[in-house]
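Participant: Each chain, written out:
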Amino acid sequence: MNRKPLSSEEINRMQDFNAVLKGASMSGPKGGNGGGGFSNWLYMTGASLLVVVGVAAWFFYPDTKEKAISRQVEQNIPETMPRTQEDSEDLVRAPLVRLPVKEWDIAFASYTLDAQKGGLILHPGGTEIRVPASCLIDDKGNTIQGPVEFRYREFFDPVEIALSGITMEYDSAGVSYYFETGGMCELRAFQHGTELKMKPEKPVEVSMPAKIDGNYNLYYLDDERGWQPKGNSKQVSNATRDNITSVPPVTESISEGEESIIEPLTPELKRIQTQINQLESQKPKAPRKANVNRPRFNLDVKLNEFPELSDFDKMQFEIAPEDKVFTTDLYKIEWNDVQLKRYSSTRYKMVLSQAGIGDSPRRVVELIVVPVIDEKDFAEAQKKYKQLLEDYNAKLEAKKAEEARLKKEAEVARNKQMEAYQQQLKNQQATVFTEQEVRHVFSMDGFGIWNNDNPRIKPKRIIQAQFVTPNKEPIQCYNAKVILPSKRALIDIHHGGNGIYGIHDVGDSKSIVLFVLPDKQIAFKRVSDLNPSDGVIIMQPDPHRFESAKEIKEYIYRTLGQ
Amino acid sequence: MNTDSKYHVDTARVSEESEIILRAKSNPAAFEPLYNRYFEGIYRFVYQRMDDIDTAKDITQMAFIKALEKLNTYEDRGLPFSSWLYRIAYNELTQHFRNNSKNRCLNIDDAGLDELMEEMQEDRYEPYLDKLVDVLSQLEPENEALIEMRFFEKRSFKEIAEILDLTETNAKVRLYRLLDKIKLVITRVA
Numbered sequence: 001m002n003r004k005p006l007s008s009e010e011i012n013r014m015q016d017f018n019a020v021l022k023g024a025s026m027s028g029p030k031g032g033n034g035g036g037g038f039s040n041w042l043y044m045t046g047a048s049l050l051v052v053v054g055v056a057a058w059f060f061y062p063d064t065k066e067k068a069i070s071r072q073v074e075q076n077i078p079e080t081m082p083r084t085q086e087d088s089e090d091l092v093r094a095p096l097v098r099l100p101v102k103e104w105d106i107a108f109a110s111y112t113l114d115a116q117k118g119g120l121i122l123h124p125g126g127t128e129i130r131v132p133a134s135c136l137i138d139d140k141g142n143t144i145q146g147p148v149e150f151r152y153r154e155f156f157d158p159v160e161i162a163l164s165g166i167t168m169e170y171d172s173a174g175v176s177y178y179f180e181t182g183g184m185c186e187l188r189a190f191q192h193g194t195e196l197k198m199k200p201e202k203p204v205e206v207s208m209p210a211k212i213d214g215n216y217n218l219y220y221l222d223d224e225r226g227w228q229p230k231g232n233s234k235q236v237s238n239a240t241r242d243n244i245t246s247v248p249p250v251t252e253s254i255s256e257g258e259e260s261i262i263e264p265l266t267p268e269l270k271r272i273q274t275q276i277n278q279l280e281s282q283k284p285k286a287p288r289k290a291n292v293n294r295p296r297f298n299l300d301v302k303l304n305e306f307p308e309l310s311d312f313d314k315m316q317f318e319i320a321p322e323d324k325v326f327t328t329d330l331y332k333i334e335w336n337d338v339q340l341k342r343y344s345s346t347r348y349k350m351v352l353s354q355a356g357i358g359d360s361p362r363r364v365v366e367l368i369v370v371p372v373i374d375e376k377d378f379a380e381a382q383k384k385y386k387q388l389l390e391d392y393n394a395k396l397e398a399k400k401a402e403e404a405r406l407k408k409e410a411e412v413a414r415n416k417q418m419e420a421y422q423q424q425l426k427n428q429q430a431t432v433f434t435e436q437e438v439r440h441v442f443s444m445d446g447f448g449i450w451n452n453d454n455p456r457i458k459p460k461r462i463i464q465a466q467f468v469t470p471n472k473e474p475i476q477c478y479n480a481k482v483i484l485p486s487k488r489a490l491i492d493i494h495h496g497g498n499g500i501y502g503i504h505d506v507g508d509s510k511s512i513v514l515f516v517l518p519d520k521q522i523a524f525k526r527v528s529d530l531n532p533s534d535g536v537i538i539m540q541p542d543p544h545r546f547e548s549a550k551e552i553k554e555y556i557y558r559t560l561g562q
Numbered sequence: 001m002n003t004d005s006k007y008h009v010d011t012a013r014v015s016e017e018s019e020i021i022l023r024a025k026s027n028p029a030a031f032e033p034l035y036n037r038y039f040e041g042i043y044r045f046v047y048q049r050m051d052d053i054d055t056a057k058d059i060t061q062m063a064f065i066k067a068l069e070k071l072n073t074y075e076d077r078g079l080p081f082s083s084w085l086y087r088i089a090y091n092e093l094t095q096h097f098r099n100n101s102k103n104r105c106l107n108i109d110d111a112g113l114d115e116l117m118e119e120m121q122e123d124r125y126e127p128y129l130d131k132l133v134d135v136l137s138q139l140e141p142e143n144e145a146l147i148e149m150r151f152f153e154k155r156s157f158k159e160i161a162e163i164l165d166l167t168e169t170n171a172k173v174r175l176y177r178l179l180d181k182i183k184l185v186i187t188r189v190a
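Top to bottom, those sequences are chains A and H.
Just so it is clear: in the first sequence, position 454 is 454 by our numbering, and no numbers are missing.
Just so it is clear: in the second sequence, position 60 is 60 by our numbering, and no numbers are missing.
Keep in mind that a hint or two might mislead.
Restricting the straight-line Cα-Cα distance to at most 27 Å, the calculated cross-link-like pairs of lysine-lysine (DSS-like) are [unchecked claim]:
| id | chain 1 | residue 1 | chain 2 | residue 2 |
| --- | --- | --- | --- | --- |
| 1 | A | K285 | H | K172 |
| 2 | H | K57 | A | K22 |
| 3 | A | K285 | A | K314 |
| 4 | H | K131 | A | K117 |
| 5 | A | K349 | H | K154 |
| 6 | A | K520 | A | K553 |
| 7 | H | K57 | A | K270 |
| 8 | A | K234 | A | K289 |
| 9 | A | K386 | H | K183 |
| 10 | A | K400 | H | K57 |
| 11 | A | K289 | A | K302 |
| 12 | A | K386 | A | K102 |
| 13 | A | K197 | H | K158 |
| 14 | A | K407 | A | K383 |
| 15 | H | K57 | A | K283 |
| 16 | A | K289 | A | K197 |
| 17 | A | K289 | H | K181 |
| 18 | A | K407 | A | K283 |
| 19 | H | K181 | A | K285 |
| 20 | H | K181 | A | K283 |
| 21 | A | K314 | A | K289 |
| 22 | H | K183 | A | K395 |
| 23 | A | K270 | A | K234 |
| 24 | A | K283 | H | K154 |
| 25 | A | K400 | H | K158 |
| 26 | A | K102 | H | K25 |
| 27 | H | K172 | A | K270 |
| 28 | H | K131 | H | K181 |
| 29 | A | K140 | A | K283 |
No wet-lab data here; the hints were simulated from the structure.
Generate the whole structure from the sequences, applying the supplied hints.
Facilitator: This is the structure:
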């Protein structure tokens with residue numbers, strides 16, 4: 001008990017960072033999520049690189065003959081060739097999702113639901129997401145309770161998909177396809193910033209308005225294996241749908257605390273809670289009986305500076321057991337000044353000062369003291385304490401009752417707000433439903449990216465040429481796609497070094513080739529307008545610098561009259 | 001209760017530490033500033049729970065080795081990096097006591113005992129000292145850690161929650177339930 005603490009110097013002498021470095025590098029690879037030493041790290045990085053290169057080559061050339069060419073093209077890629085903006089890690093959401101420009105990412109809408117109750121989310125545009133009760137778990141498999149933030153976004157337009165960096169290439173039994181999408185979406189769930197998982201036996205049901213007629217397969221984007229078939233999405237008529245109730249979108253972050261989302265604080269609630277906090281900080285402290293064996297002092301304390309000492313009369317200050325400064329010699333000195341300072345919730349420091357006399361310097365002694373009551377006054381003090389505590393509890397109870405009443409009122413107000421919101425939604429739905437007669441309905445058994453698609457075989461005809469600017473400089477890009485607006489599809493363009501690109505020609509007069517260039521610029525052209533001359537195609541980079549995917553989409557379609 | 005903390009850091013420091021961590025993920029030597037910054041705090045945290053200076057040093061070093069090994073799995077969740085280090089150190093300690101069948105050590109002091117008694121709305125601890133020590137020595141490791149961090153290390157509930165991987169509310173509820181039980185035992189017997 002009361003062990004002598006070590007000094008900072010003693011502890012810091014033990015530091016040995018080299019030993020830590022050596023220990024970490026010698027510990028070697030370990031299985032599981034624990035990770036290994038640095039050799040393991042390098043091994044992991046190498047493996048990741050191999051996977052990325054492999055996938056890129058595979059997507060570029062679908063058949064064996066073309067793969068042979070692809071190897072040749074890949075070898076020609078200069079090391080300085082940018083793959084994404086600044087090759088920054090934060091642009092890589094997953095191995096198969098590589099954002100070309102961070103600012104162009106498609107934003108998520110945020111919704112909050114109670115995990116135990118579940119609920120229905122209605123996304124602007126008409127998508128409905130039904131979240132079953134208690135369907136969420138953490139990494140350890142524990143069922144999640146309390147408010148959860150759902151982040152959702154959806155894609156119907158191929159330009160937006162291209163700029164999201166989500167691959168639309170699909171490999172099945174060694175054949176490479178591109179997707180025509182009937183609607184793609186991404187759903188994630190978070191609590192306090194930590195991503196959650198879904199219980200597979202309690203899937204989330206999604207109903208998206210079908211903007212193109214036809215049956216679609218359902219795919220899930222697996223981080224490692226690419227798109228995985230998940231059967232078909234159902235087509236449902238709006239007429240057969242149930243009436244719905246949903247939650248409004250929220251903009252608050254749930255990481256700030258649960259209560260702020262469930263019960264937004266009204267000014268009255270804030271006021272009463274501040275009062276409760278103040279009152280709780282003034283809770284009377286039990287009197288402490290003096291120890292007859294310990295030295296103590298009488299002090300005339302300014303009670304306005306120490307209101308916590310005003311509860312009891314005849315307060316004295318006893319030297320605390322941990323004080324190492326006090327000696328009886330201090331009684332013999334005539335002190336000029338005595339001051340009291342707060343030290344901890346139960347301790348004070350008594351500072352004794354003696355003015356310098358002659359050549360003798362000023363002397364200051366600090367003693368740790370505890371406020372106590374002499375034994376003869378203790379019964380009276382306890383009686384007073386009991387009374388003070390009763391008064392305090394009564395006040396606190398009254399404040400808490402007031403708080404409960406205000407919370408109830410706030411809840412009623414919020415319910416009214418919800419009702420108004422539901423009505424507004426119903427009105428919106430009435431409009432949406434007449435526009436969208438058919439919907440794709442499917443179940444998600446995990447969070448991530450889901451796609452209603454039909455795979456199409458890539459055309460064999462490839463336009464391979466060197467793409468240059470009017471100044472004859474080879475085009476270098478972060479991302480290159482052929483976009484098929486009429487089919488809501490896109491196909492990767494494969495790039496070699498020195499501005500050489502291979503483009504699948506789908507024979508669609510409205511298909512567009514899109515390059516994402518440095519400095520938030522793009523270059524685009526109709527595929528039908530690509531006329532190679534001696535293996536060279538001139539592309540004029542657009543002078544605009546774009547700030548969002550929406551801006552680019554509208555600009556391209558407007559410029560090309562589509 | 002005064003729980004001013006050196007453990008929580010401002011956003012500028014969180015941001016600076018994120019950059020160091022990012023660099024250290026590819027170059028372990030870049031981790032040194034964080035080692036220098038947190039060695040003393042982690043050492044004190046470990047030594048508080050044992051009586052052997054050298055073993056405390058070994059466990060502290062091992063905690064930093066583990067931290068370096070796991071650095072590539074570290075996710076910035078907006079919490080101070082130190083909370084992650086303390087959690088690793090706590091796990092190392094638990095592992096140490098389990099592997100060595102050694103008894104944990106609870107270092108107590110007068111001020112901490114006073115605050116403990118005050119929280120239980122009891123007078124001075126001296127009449128209950130023997131029973132209190134007896135009860136504290138029989139606590140489950142996690143309950144002992146709650147008492148230790150709150151009263152003898154003066155940590156805030158936020159810090160305790162982060163180190164023990166609990167929510168703040170859960171840490172509070174557990175501690176106050178525990179205090180109720182301790183009070184019941186010591187007052188009944190004493």
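Participant: Find the hints from earlier in the document that the structure breaks and name them by number, from lowest to highest.
Facilitator: 4, 7, 8, 10, 12, 14, 15, 16, 23, 29
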